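Undergrad: Chain by chain, the residues run as shown.
Protein chains: 2
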Amino acid sequence: MSDESRPLLVDRTPFPDGLDERLHAQFTFLVEIDRLKTILRQSPLVAAERRENDAEHSWHLAMMVPLLAEYADEPIDVGHTVQLVLLHDLVEIYAGDTPLYDPAAGVDQAERETVAADELFGLLPEDQGRRLRELWDEFEERRTPEARFAKAMDRLQPLLLNWMARGGTWRTPGVTADDVRARKAVIGDASAELWKAGRLLIDEGERRGWSRSGSGNA
Amino acid sequence: MSDESRPLLVDRTPFPDGLDERLHAQFTFLVEIDRLKTILRQSPLVAAERRENDAEHSWHLAMMVPLLAEYADEPIDVGHTVQLVLLHDLVEIYAGDTPLYDPAAGVDQAERETVAADELFGLLPEDQGRRLRELWDEFEERRTPEARFAKAMDRLQPLLLNWMARGGTWRTPGVTADDVRARKAVIGDASAELWKAGRLLIDEGERRGWSRSGSGNA
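Residue numbers (numbering that gives the first Met the number 0), protein chains in the order written: chain V, 0 to 217; chain R, 0 to 217.
Any given hint might turn out to be false.
[Claimed, not checked] The list that follows gives simulated cross-link-like pairs (lysine to any residue, SDA-like), each with its CA atoms no further than 20 angstroms apart: (1) V:K150 with V:A116; (2) V:K195 with R:H23; (3) V:K195 with R:D16; (4) R:K195 with V:R132; (5) V:K195 with R:F14; (6) V:K150 with V:R132; (7) R:K195 with V:T27; (8) R:K195 with V:H23; (9) V:K195 with R:K195.
[Unchecked claim] Here are the in silico distance ranges between beta carbons for each label pair: (10) V:E110 with R:D136: 21 to 31 angstroms; (11) R:E140 with V:A47: 29 to 39 angstroms; (12) R:R50 with V:D101: 25 to 35 angstroms; (13) R:R207 with V:D136: 36 to 46 angstroms; (14) R:D76 with V:P98: 32 to 42 angstroms.
Please keep in mind that the hints were generated in silico from the structure rather than gathered at the bench. Computed from a predicted model, the values in this text were never measured in an experiment. All C-beta atoms, glycine included, are put in the ideal place defined by N, C-alpha and C.
Starting from the given sequences, assemble the full structure and let the hints guide the process.
TA: Structure below.
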């Protein structure tokens with residue numbers, strides 16, 4: 000699956016001779032991840048009339064973690080959680096964004112993202128590539144309190160953006176308020192308090208007609 | 000100087016009744032900082048034909064810190080340094096970006112940014128606002144190894160972008176390679192190794208005509 004000949008951004012302006020080999024690998028990776036700024040998400044920004052990109056989203060999550068960590072149901076290491084949110088979407092550089100409300104897009108998501116992770120983290124010196132891969136696996140597997148809290152931030156942040164947009168992606172055709180509640184419920188795996196707040200916004204949005212009422216909900 | 004009546008982003012879609020007061024303040028701040036995604040810097044992206052914004056820039060620095068911390072001349076706390084880079088540009092939400100090579104723009108920068116900090120961090124619950132203000136002051140004052148390393152990342156990242164753009168802001172009229180070296184020299188306050196690499200790129204850029212040769216340099 001991996002395309003061995005994928006051109007790297009750094010190939011456009013190769014670094015000069017004389018750059019230390021390890022630093023060369025690190026700079027190559029750091030230039031390549033500039034691509035995250037071009038991966039568009041579905042969520043609309045609050046402050047401008049355009050969609051958010053993955054780098055902006057990741058920064059926003061990283062700002063949320065220390066401010067909202069006090070609501071975590073289990074103690075979390077804030078710095079570690081920040082690391083997880085900073086890199087959680089990196090694989091989308093090669094695998095693309097998978098919209099939350101598009102079941103078809105999720106079918107081969109895991110496989111595409113694993114290939115992307117091998118390729119992207121493989122640009123780094125081996126020890127650092129392995130470290131980032133472990134962090135990404137941790138986020139994906141959600142076995143640690145930090146990974147669950149990171150995932151909660153990943154769901155809560157677009158919820159805030161959608162609230163501000165009076166619907167946003169909640170208005171996606173075919174999506175109901177029940178679907179939104181189902182997709183966002185993982186917030187509750189990390190924090191009952193934050194999920195209570197998230198529910199309040201989703202329920203009130205439904206009441207105002209910003210999402211289509213699903214059957215059998217409050 | 001402070002405009003008491005500055006409209007907040009959250010005023011466009013106020014949160015519903017029933018949201019806890021502390022969480023209300025935290026969400027208000029988290030929505031307001033969406034503005035960082037609209038503050039444009041001078042640096043050109045590598046991956047797209049546009050300028051970088053502050054949120055993307057801050058995310059990029061946060062990715063650099065753990066990967067390049069091994070080059071710090073003094074031991075640094077990586078998580079703390081990440082916190083500093085994530086918030087270092089927040090005051091530009093109200094104070095605007097101050098271009099590195101524009102001496103006039105820097106004249107009242109400190110005053111504008113202090114007013115902005117009072118206003119922005121004042122949106123948070125008092126304890127958290129104070130905490131973020133302390134972190135921002137630490138970054139500005141550069142008294143700690145973490146603040147010096149954060150500043151080095153802030154200078155090194157656009158250096159990589161400018162290298163990739165074969166000049167970028169190095170081509171600003173009136174700016175010479177000596178000016179670039181002078182502005183970037185703070186990298187050496189945190190890491191001799193990274194400053195050596197930075198110098199290599201600047202010197203090679205000058206040799207290739209991507210910046211105007213200043214007098215008296217190598």
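Undergrad: So, for every hint listed, does it hold in this structure?
TA: Hints and how they fare:
1. V:K150 with V:A116: holds (18 angstroms)
2. V:K195 with R:H23: holds (13 angstroms)
3. V:K195 with R:D16: With Cα atoms ~13 angstroms apart, K195 (chain V) and D16 (chain R) stay inside 20 angstroms; holds.
4. R:K195 with V:R132: violated (29 angstroms)
5. V:K195 with R:F14: Cα-Cα ~14 angstroms, so holds.
6. V:K150 with V:R132: holds (17 angstroms)
7. R:K195 with V:T27: With Cα atoms ~17 angstroms apart, K195 (chain R) and T27 (chain V) stay inside 20 angstroms; holds.
8. R:K195 with V:H23: holds (13 angstroms)
9. V:K195 with R:K195: Violated: K195 (chain V) and K195 (chain R) sit about 52 angstroms apart, past 20 angstroms.
10. V:E110 with R:D136: 21 to 31 angstroms: Violated: the Cβ-Cβ distance is about 47 angstroms, outside 21 to 31 angstroms.
11. R:E140 with V:A47: 29 to 39 angstroms: Since the Cβ atoms of E140 (chain R) and A47 (chain V) sit about 32 angstroms apart, the hinted range of 29 to 39 angstroms holds.
12. R:R50 with V:D101: 25 to 35 angstroms: Taking Cβ atoms as reference, R50 (chain R) and D101 (chain V) lie about 31 angstroms apart, which means the hint holds.
13. R:R207 with V:D136: 36 to 46 angstroms: holds (42 angstroms)
14. R:D76 with V:P98: 32 to 42 angstroms: Holds, at about 37 angstroms.
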